[in-house]
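Novice: Next come the chains, spelled out residue by residue.
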Amino acid sequence: MKKTEWVVLEDERIAEANAEPFVILYDRYFNRIYNYVRYRCFDAVSADDLTAQVFLKALINIKKYDPKKAPFDAWLFSIARNLINDFYRSKKKYNLVNIDDVEHILVRSNRPLEEISENKDEKYRLLNKLETLSPRHRDIIALKFGAGMTNRKIARLTGLTEQNVGVILHRGVKKLRKLMEEEER
Amino acid sequence: MTNHDNRTIFYYLLDVITHRKQGIPNETLPDDIKESINFAVWMQNLDFSEDSSIKASLRTHLQKQTELLSNAGKIKLSEGEHPQKKGTRLSIGALISILAGGISIIIATILIVFQKPKKEVSDKQTA
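Quick note, the sequences are listed as chains A and B, same order. If you read the first sequence in this note's numbering, its first letter stands for residue 1, the second for the next number, and so on. If you read the second sequence in this note's numbering, its first letter stands for residue 1, the second for the next number, and so on.
Next up, chain A with everything else stripped away, as it sits in the complex (with noise of 0.2 Å):
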């Protein structure tokens, strides 16, 4: 645990004096963000979208990150959650129907089965079911699988208790799991 977060900061230390390799943190962090942000958001279009987003802001940003109040992980994924709780902000508001989600509809009644791999059907279905749970539920669930981080670390982003994401987590997956073993049937 110490190890790691001794590399995050070395690697801060190194963005910070020279701002070119800020790319070894996209490739270190992509797939975490990436996931948190999928975990979060239904539609492919708009996770590529704000996956960009959080890395661009990051980059403009990096002289303000101070390696003292937080981990570099930590840091990056605040910005994601602010910007993707923007995102739903502005779609509750405008109350926008994104082109992707209708492709995904007919994608979804028109395409036979067996065209699609397991795999991949299985991850949408989970993407699918995710978006019946409450907006809560999913960012701790997103922040615990898709960003992989611990109880600990979700509990001092979020201002809850280490106890507090433990209930939550227990009762997203079993819903979850519940709701997928309800389509299987």
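It is possible that part of the hints are untrue.
Unchecked claim - Quick list of simulated restraints, FRET-style, between CB atoms: (1) A:Ile60 / B:Ser104: 56 to 62 Å; (2) A:Asn128 / B:Glu50: 16 to 22 Å; (3) B:Gln63 / A:Val167: 20 to 26 Å; (4) A:Lys91 / B:Lys64: 42 to 48 Å; (5) A:Val167 / B:Glu35: 15 to 21 Å; (6) A:Gln163 / B:Asp47: 38 to 44 Å; (7) A:Glu181 / B:Ser70: 37 to 43 Å; (8) A:Tyr88 / B:Arg59: 22 to 28 Å.
Claimed, not checked - Heads up, simulated DMTMM-like pairs for lysine to aspartate or glutamate below, C-alpha to C-alpha not over 20 Å straight-line: (9) A:Lys64 / B:Glu67; (10) B:Lys55 / A:Asp43; (11) B:Lys55 / B:Glu67; (12) A:Lys91 / A:Asp27; (13) A:Lys129 / B:Asp47; (14) A:Lys123 / B:Asp31; (15) A:Lys178 / B:Asp31; (16) B:Lys34 / A:Glu182; (17) B:Lys34 / A:Glu184; (18) B:Lys55 / A:Glu184; (19) A:Lys91 / A:Glu122; (20) B:Lys64 / A:Asp27; (21) A:Lys123 / B:Asp47; (22) A:Lys174 / B:Asp31; (23) A:Lys174 / B:Glu50; (24) A:Lys178 / B:Glu50; (25) A:Lys175 / B:Glu67; (26) A:Lys129 / B:Glu67; (27) A:Lys178 / B:Glu67; (28) B:Lys64 / A:Glu184.
Hints are computed from structural coordinates only; laboratory data are not their basis. Backbone N, C-alpha and C define an ideal beta-carbon position, used for all residues, glycine too.
Add chain B to chain A, keeping to what the hints say.
Specialist: Relative to the frame of chain A, chain B by itself:
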């Protein structure tokens, strides 16, 4: 096993999964919990980023952005350093010559001032 115990085990196991530690005591757990753990492991291992269309293009874009940023930083730095370099270019020899020139001007003005009253005195004597 009570609900409370189940929950505690579940939190523990979720953390075990995240830290990828070995030794999950699967055999002693109820089936329901086992299934949830398997489900959590599956969720933990999902990677949505494999076929992300943005990955490569964003990487290139970020590379360009960072290069621009670092170049802008270098330009700013060289602008700041420029006047300082001018100041340090003044050599000791030049400084000595400037000082010598200044001193000689002062001496010359003192001599001129003291020569004038002497001339006046000598004129009066001849008269």
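Novice: Taking the hints in turn, state whether each one holds.
Specialist: Results for each hint:
no., hint, verdict
1, A:Ile60 / B:Ser104: 56 to 62 Å, "holds (60 Å)"
2, A:Asn128 / B:Glu50: 16 to 22 Å, "holds (19 Å)"
3, B:Gln63 / A:Val167: 20 to 26 Å, "violated (43 Å)"
4, A:Lys91 / B:Lys64: 42 to 48 Å, "violated (30 Å)"
5, A:Val167 / B:Glu35: 15 to 21 Å, "holds (19 Å)"
6, A:Gln163 / B:Asp47: 38 to 44 Å, "violated (29 Å)"
7, A:Glu181 / B:Ser70: 37 to 43 Å, "violated (52 Å)"
8, A:Tyr88 / B:Arg59: 22 to 28 Å, "holds (27 Å)"
9, A:Lys64 / B:Glu67, "holds (19 Å)"
10, B:Lys55 / A:Asp43, "holds (16 Å)"
11, B:Lys55 / B:Glu67, "holds (18 Å)"
12, A:Lys91 / A:Asp27, "violated (30 Å)"
13, A:Lys129 / B:Asp47, "holds (17 Å)"
14, A:Lys123 / B:Asp31, "violated (24 Å)"
15, A:Lys178 / B:Asp31, "holds (14 Å)"
16, B:Lys34 / A:Glu182, "holds (18 Å)"
17, B:Lys34 / A:Glu184, "holds (19 Å)"
18, B:Lys55 / A:Glu184, "violated (33 Å)"
19, A:Lys91 / A:Glu122, "violated (27 Å)"
20, B:Lys64 / A:Asp27, "holds (15 Å)"
21, A:Lys123 / B:Asp47, "holds (9 Å)"
22, A:Lys174 / B:Asp31, "holds (13 Å)"
23, A:Lys174 / B:Glu50, "violated (27 Å)"
24, A:Lys178 / B:Glu50, "violated (27 Å)"
25, A:Lys175 / B:Glu67, "violated (47 Å)"
26, A:Lys129 / B:Glu67, "violated (42 Å)"
27, A:Lys178 / B:Glu67, "violated (49 Å)"
28, B:Lys64 / A:Glu184, "violated (47 Å)"
Checked against the numbered hints listed earlier, the structure breaks hints 3, 4, 6, 7, 12, 14, 18, 19, 23, 24, 25, 26, 27, 28; every other hint is satisfied.
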